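Asks: Protein chains in written order, with the numbering used here: chain Y, 1 to 920; chain R, 1001 to 1154.
Hints were generated in silico from the structure; no laboratory data involved. All values reported here derive from a predicted model rather than from experimental measurement. Do not take every clue at face value.
[What the hints assert, rightly or not] With a straight-line Cα cutoff of 30 Å, these simulated BS3-like cross-link-like pairs (lysine-lysine) come out:
{"no.": "1", "chain 1": "Y", "residue 1": "155", "chain 2": "Y", "residue 2": "369"}
{"no.": "2", "chain 1": "Y", "residue 1": "282", "chain 2": "Y", "residue 2": "327"}
{"no.": "3", "chain 1": "Y", "residue 1": "327", "chain 2": "Y", "residue 2": "283"}
{"no.": "4", "chain 1": "Y", "residue 1": "271", "chain 2": "Y", "residue 2": "155"}
{"no.": "5", "chain 1": "Y", "residue 1": "643", "chain 2": "R", "residue 2": "1026"}
{"no.": "6", "chain 1": "Y", "residue 1": "643", "chain 2": "R", "residue 2": "1111"}
[As the list claims (entries may be wrong)] Covered by chain R, according to a simulated footprint, are these stretches of chain Y (three or more residues, beta-carbon under 8 Å):
{"no.": "7", "region": "712-723"}
{"no.": "8", "region": "776-788"}
Note that the Cβ used here is the ideal one computed from N, Cα and C, for glycine as well.
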Amino acid sequence: MATTDTADTAAVPDALEPSLARYIWQHTRSQQIWILAIVLLSMPTYFLALDLPKRIVNGPIQGGGFPTPDATQTYLTISVPFTDTVLYDGTELTRMGALALLSGMFLALVCINGLFKLYINTYKGRLGERMLRRLRYELVDRVLRFPIPQFRKLKASEVSTMVKDEVEPLGGFIGDAFVLPVFLGGQAITALTFILVQNLWLGSLAAGIVLVQAFIIPRLRRQLIVLAKQRQLTARQLSGRVGELVDGIAVVRTNDTSNYERSEITGRLGKIFLIRYKFYQKKFFIKFLNNFLAQVTPFLFYSIGGYLAIRGSLDIGQLVAVIAAYKDLPAPVKELIDWDQQRVDVQVKYTQVSEQFAVENMVPFALQKVQAQDPGPLEGNIDVNALTVVDDSGANLIERADYAGDVGEIVAVIGGVNSGAETFVDVLARLMPTTSGAVRIGGHPIASMPEALSGRRIGYVGSEGYIAQASVRDTMLYALKHAPLQPNPDRPADSDRDRALDRSETRMSGNTMLEIDDDWIDYSAAGITGPQEVGGLLSEMMKFVAMDTDIHDLGLRSVVDTERFPELADAILNARHKLRDRLDEHQLSNLVEVFDPDTYNSQATVAENLFFGRPVGRDFAEDQAFANAYARKVIGDTGLDAKLFAMGLEIARNMHELFADVSPDDPLFDQFAFFRPEDMGHYQGALVRHGETPFAQAEQDIRDMFLPLPLSYTEPRHRFGLMTDELRAAIVEARQRFRADYPEDLDGAIAFYDPDAYNTASSIEDNVIFGRIATGIAEAPERVRQLVLDVLAEMGLDDTIREAGLYFDVGTAGKRLSPAQRQKIGLARTLIKRPDLLLVNRGLSGLDPRTQELLMDKLLADARGFGDGTRTFGIVWMLANPVHAPKFDRVLVFDNGVLVEDGTPTELAQAGGAYAKLVS
Amino acid sequence: MASVMNEVDLLRRIPLFSQIDTTKLKLLALASERLTYAPDQVVVRQGDVGDAAFVIVSGSADVVIGDEGEEVVVASVGPNDIVGEIAILCDVPRTATIRATGELDVLKITKDRFVRMLSDFPELSIGVMRVLADRLARTTQELSSAQAELAGRG
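Next up, chain Y with everything else stripped away, as it sits in the complex:
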């Protein structure tokens, strides 16, 4: 079973290396040396390419060395350097021949240089991305190991900004960290040396100015660093504040503090603006100075070089070569200075980020070591000796508490707010660090207990169990994913190119080698044998936490993936026919107006009648259906466009007549949402402008405004009396044309209604009803729904529907579920791993009292072995309501941080102390 060894996750050191250069060198030494070697290797050809133009001009072009038109010169002599041995005597060439050869060589050198550049840049890019990947991974790794109290000080959005944005520029820099200075430095020195070789005077001039640049500019730039630091900090705080605004929007709205928030944000933006403004001022001044110095040199070359050439002490070929070489000098120097600037900048960013992530008391890496084997049961005692907990503000949460009991005991912890009762449970759950004293569970001191043991054998249900966005099913299975247990059968072979690349890159970046697409689910921990039993287990869990009806509901309302439930489509189709029969039987067929390809469905919108299907994606979404060329063509060909346009005008007229004096916040606008109340004037103006113009002459913008209005019109809902038999017939005719000529490239943009086929874009419920519920009949929706439920139940489909409901997407942070549903799922997620010790801290507070008690009774019965009878487990439960305490075997009473009473409920009740007071 175990495919994993511990080396698959590399240990990340607790503290980040403070110096960025050292951090880079430490992880990329050999690559940096390799790329340096390549850069050095590219230098000679670079130098040759600089030298050639001079030789071309002086030799073949000006005729140097070619005294007569027929004269020849020897080229391509190859000799061993520093000896007289000649390997190849060379070729005799005329001026033309020499020109051709030298130009050809120039072209070849250009190509070689280009290829060198290509290789170097790609290599650097990859190097940088690797390091960025490593850095991000290490940051997230640290977040996973932060001590719990740290999370009280952290703002989620600030952390994500740091991981995502702030380290981003580092990636670009890391590849260049060592290569660029060497490469550009080499270029600059080459160019400079070349100029010096050509002419000592001009060379010294150029060198002097470069030195001035190299000395002054970086000094000026140091001032930018300070600003860069401030800029980064303020931007991060802004992102933290915006995150807070989003999370706390309810508080803002209910206190009318939106303007305070506006002003607060304005203040921050102002600060950021000033910092950035100052930054730019300095930056552009430096740029100016830089450019100026770079331009001074050619001035000197032209004036002094020209003077020397005229005097004849410098030949023109030399001057041309010097100027050509100089062309290559400012660029590398400027880039070098830019590099230095970037270095300073990223060092600032890196320091800022690494300081934030340098946290004391991080969970040691060893405690989170991946472990595929079952850690074995948690047995023995919970021993608490002189436990004291003090929070960061110095308040005593628990003072010298002593407790000893079996892990399997069923214990209630009670006490008011800040009594220490909650803290006690959180300490056992390792969510609260102890200040002094010793806590052992099953012989393990909790501070050094591996998470592989505590995370699997101890279950914790808090009041806010966080639920990430996933399906209900994945949310529940989350607690079983401790280690990859079975390799993904569809995984490509290790020899596959993409996979080999992925693996080697993952290793090079120091990321974990554990693969996310393996099967991580520990089936045996949940007491089942494999994936085929998951559905059954989860349904059972849902029933246990009293959520089976909710899940059934979610299943009915969800669009099911028919590939996942292949038999469902046929069964639902059957249910559709059964419902029809049932409605007829009870003489209730008037409750549903069925989708019939040949008749207009008066309860459905014009758009639904026209397209006769459910749009998938944005192509035919109601508000923009007529932006689609095919839809426009069909309504044009059938002449429906003129009719709909006339209808659109009528709708706008009616709206104006009715709503002219209605306040824009009137809820009636929700029912008549043809356009927004604030657009009323806009439409009125268009109506006046259009007047009585026939459709054919209507202006395009007017058409675009009014043509889409009828799309959402339904006669029974809007009752403007615009639907005539003629119009209905025209729409049905256009519907049939639309369907007949439907182009292939729009395949899948609409799931068409077909009485004999399952509609893949509609929910189960809509598929069964396959029509619209009639308006105007009292309780019609309730009655239809009941019939649907009856039919599905009789057909034995409820289990499948519940299973489909398990694929319901819970939304961001589970927000598509009610708080009670979230708590139930949180509880089910904890129970699924069958812990030996269940810790509950107000874990059911969101449920109604009756359900709370029901669930508590079930849990207690299970813990005592009355469930399936196969296993028992211990419970330590912080009770929000002490009246339930008598159900437990042992009760701990906390008051003001002190464990004041400890005993069975009966003993404590007789003693008449704090417990008796709380329970009575």
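Fit chain R to the known structure of chain Y by using the hints.
Replies: Frame of chain Y; chain R shown alone:
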């Protein structure tokens, strides 16, 4: 506007709404739901939370109080009557059950719409007060006669 005009005509026949101009009545008609009930179907149930009042378009209904088995019919309502307004005016649970005695056709006016109309049209408010006062007077009269009857027996 054919269909909604029928409802406007209906509303206008109701004394309460007779003073209101056509456009406003149209709004009221559009914002309300026209519902049909089968015989014996319950329109509102005593004790439920009230979110709407009903204007009877055609048919009739019994106003019933008391638990099932010990029900007492306290009134019978017919076309143009308005029922269910107490619960939405006073935010109290439904004071009685209304059950259709035959095919019943009603216009359902939501609480929000009704309250908006009241604040827009003082005439409507006075009309509603008159209806309520009438009922109160009748109830008081019935109460005193019942007391007299009891006293006579005692």
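Asks: Of the numbered hints stated earlier in the document, which are not met by this structure?
Replies: Violated hint: only 6; rest satisfied.
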